[in-house]
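Visitor: Here the protein sequences line up with chains A and B, keeping their order.
Heads up: the first sequence is residues 1 to 115, going by the working numbering.
Heads up: the second sequence is residues 1001 to 1111, going by the working numbering.
The hints are simulated quantities; they were obtained by calculation from the structure and are not laboratory data.
Model, not experiment: these values are computed from the prediction.
Every residue gets a Cβ at the ideal spot worked out from N, C-alpha and C, and that includes glycine.
Honestly, I wouldn't trust all of these hints.
One-sided excerpt, in silico: chain A residues whose CB lies under 8 Å from chain B [claimed, not checked]:
(1) Ala2
(2) Ala5
(3) Gln41
(4) Pro81
(5) Ala88
(6) Leu91
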Amino acid sequence: EAGVAQSPRYKIIEKRQSVAFWCNPISGHATLYWYQQILGQGPKLLIQFQNNGVVDDSQLPKDRFSAERLKGVDSTLKIQPAKLEDSAVYLCASSLVEGAGSPLHFGNGTRLTVT
Amino acid sequence: GQNIDQPTEMTATEGAIVQINCTYQTSGFNGLFWYQQHAGEAPTFLSYNVLDGLEEKGRFSSFLSRSKGYSYLLLKELQMKDSASYLCAVRDEGGSYIPTFGRGTSLIVHP
Chain A
1 EAGVAQSPRY KIIEKRQSVA FWCNPISGHA TLYWYQQILG QGPKLLIQFQ
51 NNGVVDDSQL PKDRFSAERL KGVDSTLKIQ PAKLEDSAVY LCASSLVEGA
101 GSPLHFGNGT RLTVT
Chain B
1001 GQNIDQPTEM TATEGAIVQI NCTYQTSGFN GLFWYQQHAG EAPTFLSYNV
1051 LDGLEEKGRF SSFLSRSKGY SYLLLKELQM KDSASYLCAV RDEGGSYIPT
1101 FGRGTSLIVH P
């Protein structure tokens, strides 16, 4: 099966600019996650979708970050305006069901550098 | 909230056995995952434990003790390609089953 697709692979922007990331989950996976991974740290959840509804966005900095999952498939994550501390890898993951034992399948991520 | 603790870095010799520990403190527990992440790549799923005991899968095994809030990943017959970061992630009892990740343990395998 095809894996989780993300684009772009790399992005360099200046602070205060905006940026958007795209994710296409594994076909049939209802649950989609966006994680932020800062160098040397584990992934930190930003938002979880179940189909096209938000399950948890408690750790999403809503003053600058937004995400949507139209039609319950593809998802986009946007940052506007970006700050230096947003430099990180943004990982998208999907899982077949929301159940406890269902593993997450990750994309290769988008490496964002904010200068 | 959740607190997950792993050693930052470990080194081992090719062919040896290494044990990577993970301790956690959570408001509830609904399973523990181990992921492997090579530099610049996506994390890949290794194992899942929800009941106490040892789960074996080839050269990799994972152990869980829920009463102690403790898990370990055991890697046998180490190979150079096992050099990677190993992430422990815990799911709480909340309805969303969201896994929270530890910082990861960077394993360096040398000849």
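Visitor: Look at each hint and say if it fits the structure.
Guide: The hints, checked one at a time:
no.	hint	verdict
1	Ala2	14 Å, violated
2	Ala5	11 Å, violated
3	Gln41	5 Å, holds
4	Pro81	27 Å, violated
5	Ala88	13 Å, violated
6	Leu91	7 Å, holds
Checked against the numbered hints above, the structure violates hints 1, 2, 4, 5; every other hint is satisfied.
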